[in-house]
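Residue-level listing of the chains:
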Amino acid sequence: MKISKYLLLAVLFSPLFTSCADYNEQSVDALETGTADFTKYVAVGNSLAAGFQSNALYPEGQAYSYPNFLAQTFRVSSFAQPAIGNGYGDRVDIADLSNPLAPVTTITSLSPGVLPTQPAGGYQNLGIPGAILDDYLGGVRSDAGGNTVDTYLQRLTGSNGPAYAYVLGTSGKTISAYLKEQNPTFVSFWLGNNDILGYVTSGGLRPFTSPTAFAASYASSISDILSSNANMKMAVANIPGVTSIPFATYVGPIAKQLLTASLPASVTSIYASATFYNGVAQLGMAENKFPYAGIPLANLDKPDSAMVLITGQAALGWIGASSAVPGDAAKVTAITNYWKGFIVAATAGTANAIPASVAGAMDNATLAATMKQLITGLYMQTFLVDAPTASAALTARGFDVNFAQPFGLHPHNPIPNQFILDKNEISIAKTVTGLFNGAISQVVAANTAKIAFVDMNSIFKDIVTAGSVTANGVTLRPALGSLFSFDGVHPSNRGHGILTNEIIKAINAKFNSNLPPLMISRIPLGYTVNQNPS
Amino acid sequence: MRLRLLCLGLFLITSTQAFAGGFAIFETSVRVSGMMGAYVADGRDVSTIFFNPAGLAQLSGFQFQAGAVFIAPNTRFRGPLPHSVDETVMESKTFPIPNIYASYQIAEGLTAGLGVYIPFGLGSKWDRNWVGSGIATETGIQTAVVAPTIAYMLPFKEYGEISIGASLQIGVLASAKLERKVYDFGTDGVSLLEGSSEEIYYGYNVGIIYKPMDKLAIGFSYRSQLELNIVGEATFTNLPSSGFINGAKGDLKITTPANWTLGISVRPTEDLTLNLDYVNWGWSSYDTLKVVFREEYRTLAVNEIISPRLYNDTYQLRFGAEYIVRAVNGLTVRGGVGFDNNPVPDETIDPTLPDTDRIIGALGASYYVTPNVGFNLYYTFIRGFERKSDNSANNSIHGYFNTHANIFGAGISLSF
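As they're listed, the protein sequences go chains A and B. First residue of the first sequence: 1, per this note's numbering; consecutive thereafter. First residue of the second sequence: 1001, per this note's numbering; consecutive thereafter.
Source of the hints: derived by calculation from the structure; they are not laboratory data. As the structure is a prediction and not an experimental result, all values here were calculated from the model. Cβ coordinates follow ideal geometry from the N, Cα and C atoms, glycine included. Incorrect hints may appear among the rest.
Unchecked claim - Distance ranges between label pairs, derived from CB positions: (1) A:107 <-> B:1385: 52 to 60 Å; (2) B:1148 <-> A:27: 34 to 42 Å; (3) B:1385 <-> A:120: 41 to 49 Å.
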């Protein structure tokens, strides 16, 4: 029968369409690793490596850390980052999305909850928020109170928060020891930022690491890693200009506009308290013997002259407040409360320690007298003079403390040092960064065959000069919510992508590898928004 | 800042997993699809209302046909390159595409008809957490057209028969659904834009068939663009309400491509018909996809989202055959093969429409239980060529796309 012929035809036909392989076997192109071996990658670094963003460590930020990106690029099968539970720190969130590049921010306190235990293979991301260079080998340094402490151990015990304790456990192991247990074949090393960053973010209050000590420590740290494995290869990054970060540059232009508009035309300068410089004589800086600095309003947006730090935004609202004006009472209380906290912190651990309960009870006159005493003491300490000499010197410079003067507009009621980097401080920060980078370059040059050098300083400088960087159709500016997260210090998700691509470029150039760059546009923005979701 | 947020591309709307190049559907007739849709010069079935309205002039009496095709696509993605070729299979789903055609001969050589069919459509659904979920998790477009048609055979036949026909396409349904994850504010954000047209849209279809002799026919038809004006409403889940306003309304305009078809139909014997069509699709009209929001959209600062599509014009080659099996009373069998080239350029290929060139094979049959009542069946297999995406613009995901589809159809024909 003829129908059977067609049925047969149909049956014969159908396998042609259905049973041949649906697709070709595909595999990824092999990674050309060149002269490097990426099989076991460990990252040594600070908060940048940890994936700290917007002033906090949290899983969504950690996922986009540059070491994690690098591990994906290296196709490392297991690259463990320390799990931080729900997160840790006072995260800077934006209040809404109406203007993410000039955001209104709020703080969300994150609490890690129960931390998971360390995986059997340990962690490969050894980025520790707050780590300075000396922490790699577990050096000993002095704390803010002048006490000699093993700060590294302090981190381990968790007194600086669980993030620090959690990376290395409570065994007292150094990062160096932990790294050697991991027996890596490739290490990224990016430390040293915090050795100067603390100085900048504290407005010059916190010390920076001595450049001489830095150079020695850098050389021994790198040699410690290189000597752990004969075939070790590294990517080493230097320190980008810490005075170009939004933390230092964002508020100035806003402050200038605000103050120019609100203050009478006769006011041309604001005044900020300043640090005496002595220990920095080696940097060629002129010694500063004035307890305050006058800053021309016109210079507030000039990054070489003055920088209002991101922390100083609240203090801008206090400008002009005087205890002689009853309506200013709330602002004056805020100002005196700030100073009360300051003298408690500054005297902590000294023979003349002032407890919070005592400071809190001070009236304005007592507070002013105490501050004068404190500054006289610092002057004596700095210039190694006796009390009468110091007192005379300060009196000769018209020094006093008087809350009846308009806040910030008179030398006797200055804006706290912590909120402003003045011209000298900016210059010092730049000089120190330059010295650190010089030391890094020397160490790199001595080990050039084994180190891919990432000149983050030049890369970041170029971005700042150009005003932006564009990749895959995405343009990022050195600003909050763009290249930077909302703390103005740490990179955003996409900022980490840009960093990663620069590291990849340096690795490929040095080791003849062909690591592919990340597609920046595919990296989520990672905005942290403090708002009930819709 | 407006550009940054523009880059979110919240409403990337495109088509997905279509069954002809782009998101056109030509499986609009169970009978004709069994011949691979090669029908522009043939037109002896009432579904010629879709393929070439001129064909209707050949039909006498009352003709009716109804049917549905069921499209079961299978698409997989392997990637993302360059680091992975892990496989994700699109969620399987079968789409029913109904069609109805009827005609009535008013006078000798003059026939009127009405068709209801789905000229464009698509649908795709991926797992909510698949690797490309930031680009698309679910995409759908639906259309439906009612087409009153008139055809006329010129009375002078010295040089053969000339039929002309025209169809008005009255668009009665146009809807779209676009869903994707938004990872910019966490891992759970979902953006959905869904809506339909609030107005009727119009297009037309005209054609001509020239039969110089009984065994040969040449046909040509032209189908106009359709402008779909869809009013979408946004639903956002787990996204900050300051930037994502639930219920925000946006207008989405999709212009479907015009096409023209030139074909030849040969009947070497009384029982055998061989048809060959060349179809040209004007997909290059689909340059950008634009959503215009009706109300102020705070985050976006602008009220338009434009995403480039840059489609190319495409063609199809369709070959079909029909054979009346005399041995079995009432049986007709059909078959066909086709080649379909795709309009999506390398620059804009992405998982919303991982389109590819494809070869198509079709088999079909009709069985008439009485001379007036027939049942139609058909089956089509579509194999897409593997498509590698590694050159697409900035927002896409790279990898290999593979697609095949099974299509079944069943229907009934009545004539009086």
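Okay, the hints, checked on the actual structure:
1. A:107 <-> B:1385: 52 to 60 Å: Given range 52 to 60 Å: holds, Cβ gap about 55 Å.
2. B:1148 <-> A:27: 34 to 42 Å: violated, 56 Å
3. B:1385 <-> A:120: 41 to 49 Å: holds, 46 Å
The earlier numbered hint that this structure contradicts is number 2, and it is the only one.
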